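**Q** Here is how the chains run, residue by residue.
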Amino acid sequence: MTELDEYVGRIESLAQRQGLDYYPVDFELAPQSLMTEIAVYGLPIRMPHWSFGVRYIHQLVRQSMGHSKIFEVMFPGDPCRAFLMDTNSLAENALVAAHVVGHADFSKNNQLFARFHEMAGGNIVEKAAAHAHRIQQAIDAAGLERVEAVLDAALALESHLDVGGELHRGRYPEFIAEKTTPRPTSFQKHFQQLPGASEPQAVPLGLNLGPQRTRVPPHPEYDLLWFIANYAPDLEQWERDIFLAVRAESLYFYPVFACQIMNEGWASYWHARLLREADFLPQQTYLAAIKAHSDVVRPFASGEETALAINPYHLGFTLWEHIVERHGLARAREVMREEDDFGFIRNYLDRDLAGELDLFVYEVRQGDEIRVANRDLEAVREAILAPKFNFGAPRVAAVELKPDGGLVLAHEHSSDGRGLDAARAKKVLEYTRRAWRRPVHLHTVNDRGEPIELAA
Amino acid sequence: MTIRIAAETPWYELFSRGARDWLRHNQKVRAAVRESLPELLAGADLISRPGNRTVAVPVKFLEHARFRLLDAQTQTGAGQGKGEPGDVLRPAREEGDPQGRSGGIGNGEIRFVVELKIDEIVDWLWEELKLPELKPKRAATLDEPDYVREGWDKRGARSRLDRRRTLKEAAKRHAVQDDAVAIINDDLRFRQLHRRAMPATNAAVIFALDVSGSMDEAQRRLAKQFFFFALHGIRRQYAKVETLFLAHAAQAWEFDESQFFQASSSGGTVSSSVARLALDVLQHRYDPSRYNGYFFYASDGENAAEDRDAARGALGELAGLVSYAGYVETGGGATFRPRETQLAELFGELKAKGHPVGVSRLGSQDDVWRAIREFFTGQAADD
Numbered sequence: 001m002t003e004l005d006e007y008v009g010r011i012e013s014l015a016q017r018q019g020l021d022y023y024p025v026d027f028e029l030a031p032q033s034l035m036t037e038i039a040v041y042g043l044p045i046r047m048p049h050w051s052f053g054v055r056y057i058h059q060l061v062r063q064s065m066g067h068s069k070i071f072e073v074m075f076p077g078d079p080c081r082a083f084l085m086d087t088n089s090l091a092e093n094a095l096v097a098a099h100v101v102g103h104a105d106f107s108k109n110n111q112l113f114a115r116f117h118e119m120a121g122g123n124i125v126e127k128a129a130a131h132a133h134r135i136q137q138a139i140d141a142a143g144l145e146r147v148e149a150v151l152d153a154a155l156a157l158e159s160h161l162d163v164g165g166e167l168h169r170g171r172y173p174e175f176i177a178e179k180t181t182p183r184p185t186s187f188q189k190h191f192q193q194l195p196g197a198s199e200p201q202a203v204p205l206g207l208n209l210g211p212q213r214t215r216v217p218p219h220p221e222y223d224l225l226w227f228i229a230n231y232a233p234d235l236e237q238w239e240r241d242i243f244l245a246v247r248a249e250s251l252y253f254y255p256v257f258a259c260q261i262m263n264e265g266w267a268s269y270w271h272a273r274l275l276r277e278a279d280f281l282p283q284q285t286y287l288a289a290i291k292a293h294s295d296v297v298r299p300f301a302s303g304e305e306t307a308l309a310i311n312p313y314h315l316g317f318t319l320w321e322h323i324v325e326r327h328g329l330a331r332a333r334e335v336m337r338e339e340d341d342f343g344f345i346r347n348y349l350d351r352d353l354a355g356e357l358d359l360f361v362y363e364v365r366q367g368d369e370i371r372v373a374n375r376d377l378e379a380v381r382e383a384i385l386a387p388k389f390n391f392g393a394p395r396v397a398a399v400e401l402k403p404d405g406g407l408v409l410a411h412e413h414s415s416d417g418r419g420l421d422a423a424r425a426k427k428v429l430e431y432t433r434r435a436w437r438r439p440v441h442l443h444t445v446n447d448r449g450e451p452i453e454l455a456a
Numbered sequence: 001m002t003i004r005i006a007a008e009t010p011w012y013e014l015f016s017r018g019a020r021d022w023l024r025h026n027q028k029v030r031a032a033v034r035e036s037l038p039e040l041l042a043g044a045d046l047i048s049r050p051g052n053r054t055v056a057v058p059v060k061f062l063e064h065a066r067f068r069l070l071d072a073q074t075q076t077g078a079g080q081g082k083g084e085p086g087d088v089l090r091p092a093r094e095e096g097d098p099q100g101r102s103g104g105i106g107n108g109e110i111r112f113v114v115e116l117k118i119d120e121i122v123d124w125l126w127e128e129l130k131l132p133e134l135k136p137k138r139a140a141t142l143d144e145p146d147y148v149r150e151g152w153d154k155r156g157a158r159s160r161l162d163r164r165r166t167l168k169e170a171a172k173r174h175a176v177q178d179d180a181v182a183i184i185n186d187d188l189r190f191r192q193l194h195r196r197a198m199p200a201t202n203a204a205v206i207f208a209l210d211v212s213g214s215m216d217e218a219q220r221r222l223a224k225q226f227f228f229f230a231l232h233g234i235r236r237q238y239a240k241v242e243t244l245f246l247a248h249a250a251q252a253w254e255f256d257e258s259q260f261f262q263a264s265s266s267g268g269t270v271s272s273s274v275a276r277l278a279l280d281v282l283q284h285r286y287d288p289s290r291y292n293g294y295f296f297y298a299s300d301g302e303n304a305a306e307d308r309d310a311a312r313g314a315l316g317e318l319a320g321l322v323s324y325a326g327y328v329e330t331g332g333g334a335t336f337r338p339r340e341t342q343l344a345e346l347f348g349e350l351k352a353k354g355h356p357v358g359v360s361r362l363g364s365q366d367d368v369w370r371a372i373r374e375f376f377t378g379q380a381a382d383d
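Chains as they are written, first to last, in the working numbering: chain G, 1 to 456; chain W, 1 to 383.
Careful: at least some of the hints might be erroneous.
Only pairs whose alpha carbons sit at most 30 Å apart, straight line, appear in this in silico DSS-like list of lysine-lysine [stated by the list, open to error]:
#, chain 1, residue 1, chain 2, residue 2
1, G, Lys388, W, Lys82
2, G, Lys427, W, Lys28
3, G, Lys388, W, Lys60
4, G, Lys426, W, Lys60
5, W, Lys240, W, Lys351
6, W, Lys117, W, Lys28
7, G, Lys402, G, Lys427
8, W, Lys60, G, Lys127
9, G, Lys291, W, Lys82
10, W, Lys240, G, Lys427
Here are some, though not all, of the chain G residues that point toward chain W, as calculated from beta-carbon distances under 8 Å [stated by the list, open to error]:
#, residue
11, Leu34
12, Pro44
13, Ser51
14, Val54
15, Leu308
16, Pro312
17, Asp358
18, Val361
19, Ala373
20, Val380
21, Pro403
22, Lys427
23, Val428
Think of the hints as simulated: they come from the structure by calculation, not from any bench. Treat the numbers as computed from the prediction; the structure is a model and nothing was measured. Quick reminder that beta carbons are idealized off the backbone N, C-alpha and C, glycines included.
Please model the complete structure; the sequences and the hints are all you need to start from.
**A** Below, the structure is given as structure tokens:
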């Protein structure tokens with residue numbers, strides 16, 4: 001048994017005594033190459049696509065310049081799977097193990113994570129690998145070009161799903177449910193007819209054509225991946241599988257995305273606390289671990305006094321410390337269970353804390369000049385949350401099928417505040433068209449706010 | 001609880017998924033570059049460095065498009081640190097600094113250059129322009145004796161020892177002998193060479209350039225580009241291509257490739273001089289029965305009036321010898337010409353007589369591709 005084994009065991013029992021409650025964690029030491037790929041793909045094995053290749057090169061460059069070091073990656077599930085970088089020092093790994101235990105507690109208890117866990121099961125790593133395997137089979141059968149065309153469309157739309165919806169979702173009902181007229185109550189009977197008026201004539205209902213078919217889509221449909229998988233004319237089964245595979249993986253990423261500040265903060269809070277109480281660690285290891293901790297949760301890069309992005313580890317850590325201090329651990333656990341980042345920031349980032357952390361809103365002006373705009377609490381909260389709405393993507397819905405089978409998409413520019421970048425949107429429509437096999441239209445507005453229609 | 005370190009080569013070491021997708025990206029970039037190749041290459045100085053077999057084309061990473069909002073008029077974000085509202089965190093870019101801070105390696109900007117092999121480019125162009133393959137002169141597909149490898153022998157020069165074959169022999173002997181010696185002389189096998197008649201696939205390409213005072217820098221550049229692709233088009237077809245560079249004003253000289261395009265003279269234009277020189281070289285150095293001769297001539301077309309008959313005679317002889325003669329007239333696009341130039345007329349006559357001749361004009365960059373296409377389709381049709 002190695003030292004690390006021993007430490008991890010003792011950290012876990014410490015965590016359990018502190019009331020952390022989590023699915024077992026499967027730790028694995030992994031080399032830099034795998035950690036890089038996990039950072040790029042989001043999962044250890046994922047479907048092949050050229051766009052990952054671009055991210056991969058960027059990641060390699062960042063790493064070679066020392067801008068990015070990955071200590072650990074953890075996949076919530078049952079069991080949770082944690083990959084620790086094999087070049088971490090013993091102290092770093094002790095810290096990282098404690099951090100992972102914090103994540104494991106969070107992902108089992110937070111309601112958003114729990115709902116997605118319930119829908120998808122706790123083995124995303126294996127599922128993604130199975131998707132990748134099936135896609136490889138599709139490549140062997142249909143050829144790389146065709147599979148790539150489907151992935152171009154599916155991955156471009158990966159954020160366009162209904163995060164409030166179900167993973168396994170059936171098609172729309174074929175027919176509109178017949179409205180059953182409720183039997184008139186005695187009250188209605190009494191007042192339907194004024195005294196002295198004649199008996200009301202039955203209103204003719206027109207021709208009875210039997211049950212009416214549902215219009216597709218019956219309402220603006222934001223779950224674009226699901227919609228294409230189910231309603232694209234002439235989609236082959238393997239293509240449909242690809243859309244649904246991308247959708248399942250994307251849904252898995254949503255809680256991680258929507259709880260990033262809370263989740264990283266919670267894990268940082270617990271690694272700090274567990275290490276403080278880990279009297280079994282030698283002094284040197286402890287000091288090295290605390291040093292690693294302060295590197296992770298510091299707000300600015302070294303030598304800087306301001307940051308134009310907020311470190312989620314730092315913000316979350318500070319908020320949780322504050323909550324535990326003021327309201328106690330039991331209340332903190334309640335918050336952890338109930339909130340996501342939106343509620344967390346809006347309810348718990350208060351004026352004092354924002355002032356203490358020196359948070360501000362900045363503006364980029366002409367010539368890329370950046371100025372501090374204000375320190376208004378509401379504005380700070382919204383600036384933190386702005387990139388998180390709707391999975392970070394514009395709101396685009398399928399609204400209509402044309403008689404020729406064409407698909408009409410509409411962008412909700414009023415809620416997003418402005419139109420779509422037309423060149424990119426056109427590209428996405430081209431990707432989509434290849435899967436849909438009929439013209440695809442999109443309504444949005446241009447930079448002057450005038451409605452425009454793009455088509456491919 | 002245990003931390004696993006796999007005993008065997010772990011799955012993730014078997015191949016790099018990141019590298020796989022990166023290579024695929026690069027393939028797509030190449031394909032994209034290939035589609036816009038004629039435009040990309042129009043500006044490139046391709047033969048300025050002879051011997052350099054690749055061209056580097058700067059490109060961007062491919063972007064996998066997503067729906068994205070238009071940039072807001074004023075972008076905002078959340079930050080952290082000291083400072084009062086209105087404080088400048090980062091000053092505006094200086095005028096005349098278009099790259100700004102976003103450039104440079106400091107921000108992770110990666111410059112990305114695709115290297116293309118000249119041969120590959122020419123292959124693509126041939127596909128892109130749908131150019132036919134050249135047809136060698138039938139008379140030139142003469143059989144020419146050459147050495148080929150054939151069979152084995154127990155004796156031979158050491159340099160032709162076939163190791164694989166020798167070991168095979170040794171293995172056979174080991175199978176039947178007990179206590180065998182590793183390799184004995186009897187096991188040795190040497191490759192043998194025999195003389196066999198091989199079809200000749202030689203070409204001699206003569207580039208002739210008018211360097212008289214009236215040919216300016218831009219016209220030479222066009223001629224150079226045209227010659228470059230013509231040469232590589234021919235190289236696709238023939239195993240052995242000899243090139244010959246002739247420049248002329250009132251007189252003609254032979255140059256080597258590196259000096260050819262720098263040559264200049266202030267004299268008048270006497271086209272017959274270069275045609276005579278070409279004839280002379282063809283007859284003496286490149287036996288017309290063994291070589292496919294190609295003659296490409298670039299000029300502004302203004303030959304001296306008194307040279308007309310001499311030029312007609314020399315060019316006529318030359319056209320009879322070569323597989324194909326191409327004439328490109330430079331500078332014609334911009335200037336107004338009331339009539340055909342003398343050389344255009346002469347080549348026109350040759351063409352009318354049924355000689356394999358092509359005439360084309362190079363007014364601008366775009367004409368290079370058109371001219372290439374004309375020459376190569378013309379050559380295939382003539383045959």
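**Q** Please go over all the hints and tell whether each is borne out by the structure.
**A** Quick rundown of the hints versus the structure:
| no. | hint | verdict |
| --- | --- | --- |
| 1 | G/Lys388 / W/Lys82 | 25 Å, holds |
| 2 | G/Lys427 / W/Lys28 | 16 Å, holds |
| 3 | G/Lys388 / W/Lys60 | 29 Å, holds |
| 4 | G/Lys426 / W/Lys60 | 19 Å, holds |
| 5 | W/Lys240 / W/Lys351 | 28 Å, holds |
| 6 | W/Lys117 / W/Lys28 | 16 Å, holds |
| 7 | G/Lys402 / G/Lys427 | 21 Å, holds |
| 8 | W/Lys60 / G/Lys127 | 34 Å, violated |
| 9 | G/Lys291 / W/Lys82 | 24 Å, holds |
| 10 | W/Lys240 / G/Lys427 | 47 Å, violated |
| 11 | Leu34 | 4 Å, holds |
| 12 | Pro44 | 7 Å, holds |
| 13 | Ser51 | 4 Å, holds |
| 14 | Val54 | 5 Å, holds |
| 15 | Leu308 | 5 Å, holds |
| 16 | Pro312 | 11 Å, violated |
| 17 | Asp358 | 5 Å, holds |
| 18 | Val361 | 6 Å, holds |
| 19 | Ala373 | 6 Å, holds |
| 20 | Val380 | 6 Å, holds |
| 21 | Pro403 | 26 Å, violated |
| 22 | Lys427 | 3 Å, holds |
| 23 | Val428 | 5 Å, holds |
When each numbered hint is compared with the structure, violations occur for hints 8, 10, 16 and 21.
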